[in-house]
Amino acid sequence: MSLLKTHYEKDLYPEIEEAGDSDFARDCVEIAAERLEKGEISRRTFVTALTALGMLPAAMTLGGGDAAADDGEIVVVNWGGPAVNAYYNAFGVPFEKSSGLKVVIDGTGPLGSKIRAMVESGAVTWDVCDTGPGTTLVLQKAGVLQDIDYSIVDRAKILKPFDYVAGCANYTFSYILAYNSERVPQAPKGWADFWNLEAFPGDRTLRKQPVGMMEICLMAAGVPKEEIYPIDIDKAVAKLKEIKDNVIVWGSGSQSQELFRSGEVVMGALWHTRANLLHKESDGKTTWTWNEGVVTAGMWNVPKDNPAGTKAAMDFIASAQDPAQQIVLFEAMGNGPANPAAAKLVPPDQQYIDPGQPQNLALQVFQNADWYEADSGVRGLTNDALSREKWIDALSS
Amino acid sequence: MNAALRLRYWALIAPAILLLLIFYIFPLVQVLWLSVTEPVFGLDNYAELWDRPLLHRIWWTTFRICAITTAITVVAGYAVAYAMRLVGEQQRTWMLFCVLLTFWLSVLVRAFAWVMLLRTEGMINVGLQEIGLITQPMRLVRNEIGVIIGMVHFMLPLAVLPIYSNMTGINMRLMSAARGLGASPIRTFWSIYLPLSKPGIIAAVILVFVFSLGFFITPAILGGGRVMMISEYIRVSFEETLRWGQATMLASTLLFAVLLTLAVFARFVDLKKVFGAR
Amino acid sequence: MKDPRVIYGRCFVLGLAWTVLAFMVLPMVIVIPVSLTDQYYLSLPQEEISFQHYVAFFEKEIWLEATLDSVIVATAATFFSVILGTLCTIGCWRLATSWSEAARTFLLVPIIVPTIVQALALYRFWIDLDIIDTYIGTILAHTLVAMPYVVITVSASLANFDVRLEQAARNLGASTLQTIRMVILPSIRPGMLSGALFAFTISFDEIVMVLFITSRNVYTLPKRIWDGIQDHLDPTIASVATLLIAITLALLLTDLWVRQRRKSRLASGTTNET
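Residue numbers (this note's numbering), protein chains in the order written: chain P, 1 to 397; chain B, 1 to 278; chain A, 1 to 274.
Hints are supplied without guarantee of correctness; some may be wrong.
[Claimed, not checked] Negatives, chain P to chain A, calculated, CB over 10 Å:
1) E258
2) K280
3) S319
[Claimed, not checked] Restricting the straight-line Cα-Cα distance to at most 30 Å, the calculated cross-link-like pairs of lysine-lysine (DSSO-like) are:
4) P:K97 - P:K280
5) B:K272 - A:K60
6) A:K263 - P:K280
7) P:K189 - P:K311
8) A:K60 - A:K263
9) P:K160 - P:K241
10) A:K223 - B:K273
11) P:K141 - P:K97
12) P:K235 - P:K189
Rather than coming from a laboratory, the hints here were simulated on the basis of the structure. Glycine included, C-beta positions come from ideal geometry on N, C-alpha and C.
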């Protein structure tokens, strides 16, 4: 039932664009499941990690149905995935102990359109949702989210600038330059090298959608990091066209990994989690640089009139700021802790995987979700919608 | 037949017709309707067809690929069908077998096999490199070449079967007579056999062109996001940019293009025969 | 003696035809060795032939569940489309008015509507009906697109059926249903059978609509293969492909064998009479 509604509401509110926010969250679930299957992580780590990600149901109602909130419960909504039941032990119990509330997790997938439909129909069953910066801004504009109560949630425990009015970061991830060190003459330093077909021959991979990629195009064109926003879409697209004959696009995280495995590409702009997996399975032959990466975050949202009340939802988010939980997630999948304090807890030999380490952050650009959701001035489209059109246009021309 | 009996037979027809009306035609009409109401009432979505170069290019790509596919498929299919008329029973059975096997095999399996064969690290490139014919891998997939190879492969049985079925009706004695009168083999073929096989060719052209227009799977897989045909862009509008108005407008135009093609060809052949319904 | 030009021409046509035919079967031929590879990536067997990827198919829940889903949907869709399509065709054939002919033509509409347009339309309506991502919704969609093929094959069978047989049955007092069951159905069974085969194949192979109207509850085999091609090209897909090729091959050979037997029986039947 829940899924039907999800689809329906996506259509009711077509303007609510997920902005690809949730794709990364889904990919994380996939990565964890793969690693679990290979025996690289224990089921317990897996479950704890997904817990920290806010992605696994603690006590899912059977059949994946909507968790209906009762008194004394808090419903956290995320992107589902395998091994759902065990989450409760890992994450639900601690919060239950500290709050006295029962934690119920719903793995339906908190599509922005669904959150909006719930609030507008006055039938809110969710307390805390895992979305992305784009969705957060759209929902905030639509007035269906509660402002984050920063007297309960500690702003200092959130990587700036991902402390939005109606949402705050629960983890971070980056688009980075990954390369197969055996097939490039020397390590590429940044996107200018990525665009240099003569010095670095071979095919490259970029994402099918423009989010994160246009920033990369502009850096390749020599635009300084601090001047990337507002993005000049035409300039970015023109830069893409320069190398497009040598570009293979990826649609999903696993596809980006596959392109490296099969040797079809020598370089690519990937999610750092996928680059990390490639790094491991190739014994370091495939690696990446943080230089000129684009860092962004997953977001907690609280819908208006949430059943458990504002305080309980904020308490939950606050408890999820615990660095220890975020480290467990990081160790399992490489997702960056959203709490800067957690950066120090990362073991030295693991710091190269963490996008949130100060030395890594210094090399990267922070994605600006505000720009994506702003009006482009063309046919009433947002910058996000317009850039998608132009990106597809360039790729297929 | 009395009225009661007629009514009884209509009762047999009714369930299927009603099912189709309610669960198929109604949703189709709804989609056509959405194209003039989403996001606001009017022809704004259709105006984009004129205004936006992207849409011009997508339609042009679609027609170009369809035309090339149709041309290659019909010529190659004709050769197979003609050969089937020339050879003996046994060889003909084998030929037909190859055609039917392709026809019945899952379209996804075929697309998968082509990806495997054509990619830069695929069998064809590796094989050619090993025997030293090429030094650099050729780009055979994730571009128009790959899409056309896949589409021709999919459509070939749709061309061979109607052409062959038409050819079985051609009286070979006409050819002998022409030869007896001193016409060269090529001339006999050109002025007698080819015109006689025209209905088969037209049927093949219709089938291949119409199915190519709205073809989704093969371009999506072998185009690798780089070849934007109309079906793929409908998916993008629907799934990625969530623009229902645009998606339904393009769907309506695609449907219209198909109907137009059929209407044009209906003047030359019996369409029901082409689709095997007579 | 034969004109050399005829011989050359013949050689040319045959050469061309076999080249095209080789192109047609090439992908199928290559999938089979790849499925037997001993490597974990797509390649020809390097050192030995291995059945590990078949084992993987039969051990992995996702593939088995997908196969089961496909069988369920295709069987049900075949059942409904054959019943509805056959009844409708009989009605149209018996009435034989311009109206009934129009009705029959109308049933063929799904053949010409591009699949993506269908998918979009049904998706929209299935949402309103709350049958997105359900077996009912998928079966209904497949029934609708398979029905025209049943109509076509049954129509072909009926074309050879003698109307007088039906009239005779009615004159002997048989009711409409009795006539259909005892006189018409037995003689159009081949048409129904080949219609069923068409319907099953169409449903079993259908991907475009499934991509739109299903999500997680219904996960058919084509959708699994589709995901595999998009994300991770592994030899398990090659083994699935080989299994599908084998099934197709078996069906075709059976069909060929049945035809041959029928033909030889007919031939011997005629000799006996003379």
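Could you tell me which of the hints above the structure violates, numbers in ascending order?
1, 4, 5, 6, 7, 8, 9, 10, 11
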